[in-house]
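Chemist: Since the structure of chain A is provided, determine the placement of chains B and C on it from the hints.
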Amino acid sequence: MATVRELAALVNGELEGDGDLEISGLNALDLAKAGEISWLADLRLTKKLAACQASALLVPRLPPDTTELPVTAALIRVLNPGLAAIKIQRFFLPEPFMAAGIHPTAILGAECLIPAEVKIGAQAVLGARVRLGAQVSLAPGVVVGDDVVIGNEVVIHPNVTIYPKSIIGDRVIIHSGSVIGADGFGYVIDETGRPHKRPHQGIVRVEDDVEIGANVCIDRATFGETRIGRGSKIDNLVQVGHNVVVGESSLLVAQAGIAGSTSLGRRVLIGGQAALAGHLEIGDGARIAGKSGVRSNQKAGAVVAGYPAIEHKKWLRVCAVQVNLPEMSRQLRELRRQVAALAANNRQDPPTSKELEKDE
Amino acid sequence: MATVRELAALVNGELEGDGDLEISGLNALDLAKAGEISWLADLRLTKKLAACQASALLVPRLPPDTTELPVTAALIRVLNPGLAAIKIQRFFLPEPFMAAGIHPTAILGAECLIPAEVKIGAQAVLGARVRLGAQVSLAPGVVVGDDVVIGNEVVIHPNVTIYPKSIIGDRVIIHSGSVIGADGFGYVIDETGRPHKRPHQGIVRVEDDVEIGANVCIDRATFGETRIGRGSKIDNLVQVGHNVVVGESSLLVAQAGIAGSTSLGRRVLIGGQAALAGHLEIGDGARIAGKSGVRSNQKAGAVVAGYPAIEHKKWLRVCAVQVNLPEMSRQLRELRRQVAALAANNRQDPPTSKELEKDE
Amino acid sequence: MATVRELAALVNGELEGDGDLEISGLNALDLAKAGEISWLADLRLTKKLAACQASALLVPRLPPDTTELPVTAALIRVLNPGLAAIKIQRFFLPEPFMAAGIHPTAILGAECLIPAEVKIGAQAVLGARVRLGAQVSLAPGVVVGDDVVIGNEVVIHPNVTIYPKSIIGDRVIIHSGSVIGADGFGYVIDETGRPHKRPHQGIVRVEDDVEIGANVCIDRATFGETRIGRGSKIDNLVQVGHNVVVGESSLLVAQAGIAGSTSLGRRVLIGGQAALAGHLEIGDGARIAGKSGVRSNQKAGAVVAGYPAIEHKKWLRVCAVQVNLPEMSRQLRELRRQVAALAANNRQDPPTSKELEKDE
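Protein chains in written order, with the working numbering: chain A, 471 to 830; chain B, 471 to 830; chain C, 471 to 830.
Bound-form chain A, shown alone (with noise of 0.2 Å):
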């Protein structure tokens, strides 16, 4: 529990209403409750406010037009309300990490580096000469291969495998099932159309701060290192295939894939099931959109979507266009018999000189 004016006090906002109510937790707009805080991402949401039932609401601090918000909730108005409600449910449901040692199932290797503030589950796995920062949890069934480098406060979820010389940095997360480190695609074909396996000996390394998805896939260099740039985030399923590279704080939502060797720029958006192909370059900031195939190099701040890829500005037209094609078909079909049938007619005229020149 918490006043209204310590909330507010919590995200430098500013107070406005009853600051003595109590407060018991966060929750949605449509879920809260009374005796409850949420927020109001955006003042184009302000009609959801009707039946919200929180009894404090964080809120944009500007514009000035805000103090008409039709509600008689407390307000905490702040720069950013989506921000200052991630703080504020984190004060709500902390999670302080438990040093619960080594559970007595977990299997070590040879020459392990674990500190004293550790979390290993049951049933997990290191393999000899893993070393991991403080405050590392690494939950039941999770297998870590030899020689990997685990940061501080990081959190890898069951079932997690983790291949050998992994570099993971300082919290990071990694949901269950998602496989760090397995070898790429990488085959020669040989004279009879048989493909023969290029051993891969590079490595994944995953910065400070990146959150990977579940059932995730990220293979491995095959020389050299795959690279996940610091505070990226990696939604479920995605494909990051041998040495590719994405910048900071980008984000690859479910499902998409990104091809050997290409390598993102900071703060690019890759959307759901989108496909790059591999050695592209896609500028900082670029945004590709969902379901789109990228089959050439993007620059700064590009906005695409469509496969082959476009100007998303461009691809919305086409598609508006595109629907019409019968009909367009059609038209032309109609067009092409009455211009046949208007030169037909004309012929039947005297011929001008100029056809006559044309016609020689």
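Be aware that one or more of the hints could be misleading.
The list cannot tell twin chains apart, which means a pair is met if one copy fits it or any two copies do.
[To be verified] Within a straight-line C-alpha distance of at most 27 Å, the following computed DSSO-like cross-link-like pairs (lysine-lysine) qualify:
id, residue 1, residue 2
1, K557, K503
2, K667, K503
3, K517, K503
4, K557, K589
5, K517, K769
6, K557, K518
7, K635, K589
8, K635, K557
9, K667, K557
10, K517, K557
11, K769, K518
12, K589, K667
13, K667, K518
14, K635, K503
Hints were generated in silico from the structure; no laboratory data involved.
Modeler: Frame of chain A; chains B and C shown alone:
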């Protein structure tokens, strides 16, 4: 072994032919040998009967002309041969629950409620306060988080992960590698472009009689619950985002993806690799073709395809025209040339009064 | 360490330059340092040699003008530098089988046949009557069902699940999280719209020399078998439905999906995120471009793209025109206006006898 007469009684069918034949099992039309029974799902497949060696066949009851089926096998006429085949298959291959108890290497957290009739495999790990119904089978390597509730007669295959607080109904089947209840993909971007993780305090609820394929991901809700409705079936590698609601008896084919907060009605069909954007409402009985991308709400009974998805019949017509685009483009160029020539020609005639008016 | 002369002998190559140079390993063109060898897969990449620091290079034997390569490195001329590079890579990084035996925490069912030369990792679980060939490596967390047969020199990475009765050939590699033999997606809908599960009594057969990536799903057959042909390679997150047959030496790129009962010939290439409908026949050597959707049979050697997939060259032309659709639509509107004006104009002339006939 059972006689054809006994099998006919089992499925409430009308027997034609030798009811005393002994049958050893059910098999596919093209694989069945003498002594086995098979089924003809649809009279349009009748031509497949020529090579069929089965000694007995489940066939549709109607229409009357099916009496002319070109086989010597004994026939059992039923309303739905496919359903009857399942019944007979289960008769020959019963899978009675084996209460093998708790394997000594399985690890159970504090205060779990485990009935005597249970099968918990080697290396399975249950968190604290897990509650299991009767006749639950948890395979080796399954990890169940704290406070999970699992109903009766549930089968969880190896290496599945169920995150804390998930609720699993009766007779649910979950195949290997699936992840139930991982955090959704929810971040707030700050003014510097860095994404901040929103804690996910909601849950996943899987209702009765749901089957979930292998390596599926169903994310927990941000707040509230993600819900898979009673009797729905989910194929492999499907992504179900946070706060999605799937209605009863819906089918999600392999590699489909549903973005956050989208809601499906009953008996919805989502084809393979189809994608649904977030916050949509899809009506009862809607059918989304494979590989479609749905960006707007769909009415009950809608049948759509393409990306962006349009009415399926319209999409087929668009596809038929689309392949002619190069030819259409050529014809359009040619027409423009012809029309320009006609116009030039016409202008050499004395202009009509109407034309003169237009020019002013 | 080996001399360039020794390496040339190893790959049956022609040496040019200093054969006494000591080489410590193989590396990529852009990463190789002095003392390392690299390879030039293709003469079109010759411009990359400028920055290359490798002391030796595998280069194509032909054509003769390759003698002009702009490098000071020792050269080894071979027919296929990529294949030769693999051979040299394996020379420097041998991965001899280590018969570590059965880890004490591994659990084996009754009546398993396990050769002495084996490596079964911690927490692995084998069902009853599992048969392993020589030099099999089962990593930690692997679960193998009852009656599975595994050939010689097979490597199964952590957290793989193999369902009962699956058959795995010699030298197969399966990466983490993959699921072999889960039930296919097969239901019969009853008259109320409820789906009923068809038991899957078939199996999966993986032939010799197959490699399966991470988080792949290969479903067991309804009846009979799902089969992955000898030497085929499957990338991460691929879906292979029940009763699919993949021919020899085929390549399935990441996130591709093949629906039930479709059959691929030999040396078929399925691009990333491509989808094949069920019950299709795809001929030998067919190439399905990434993100394609194939809804019809394909002849041997077919090269297709798009959805629905068409001939690849045609698809490229369609794509080139498609982006001009908004302009084509505008031109079509303009033409219709012009032709209407021309027709109106013509009708002001006295009609010809031919026109009069048409009007009747």
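Chemist: With reference to the structure, classify each hint as holding or not holding.
Modeler: How the hints compare with the structure:
In this homomeric assembly, K557 and K503 come within 27 Å of each other (Cα to Cα) only inside a single copy, at 19 Å, whereas the closest approach across copies is 49 Å. Proximity of K667 and K503 under a CA criterion of 27 Å is satisfied inter-copy only: 24 Å between copies versus 59 Å inside one chain copy. With identical chains, the CA atoms of K517 and K503 are at most 27 Å apart within one copy only, with a shortest distance of 18 Å there and 64 Å across copies. In this homomeric assembly, K557 and K589 come within 27 Å of each other (Cα to Cα) only inside a single copy, at 25 Å, whereas the closest approach across copies is 43 Å.
For a Cα distance limit of 27 Å, the shortest separation of K517 from K769 across copies, 24 Å, qualifies, whereas the shortest one inside one copy, 38 Å, does not. Only within a single protomer do K557 and K518 lie at most 27 Å apart by alpha-carbon distance; the minimum there is 22 Å, versus 50 Å between protomers. Both within a single protomer and between protomers do K635 and K589 lie at most 27 Å apart by alpha-carbon distance, with minima of 21 Å and 20 Å respectively. In this assembly of identical chains, the alpha carbons of K635 and K557 lie at most 27 Å apart only when taken from different copies (23 Å versus 35 Å within one copy).
Taking the shortest Cα distances, K667 and K557 sit within 27 Å of each other only across copies (10 Å), while inside one copy they are farther apart (49 Å). When the C-alpha separation of K517 and K557 is checked against a cutoff of 27 Å, the pair qualifies only within one copy, where the shortest distance is 25 Å, while the shortest distance between copies is 53 Å. For the homomeric pair K769 and K518, the shortest alpha-carbon distance between copies (23 Å) is at most 27 Å, but the shortest distance inside one copy (38 Å) is not. Taking identical chains as interchangeable, the C-alpha atoms of K589 and K667 lie at most 27 Å apart only when they sit on different chains, with a minimum of 22 Å there against 38 Å within one chain.
Proximity of K667 to K518 under the C-alpha cut-off of 27 Å is restricted to the inter-copy arrangement: shortest distance 24 Å between copies versus 57 Å within a copy. Within a single copy, K635 and K503 get their C-alpha atoms only as close as 49 Å, which misses the 27 Å cut-off; across copies the closest is 21 Å, which meets it.
Violated hints: none; the structure is consistent with every hint.
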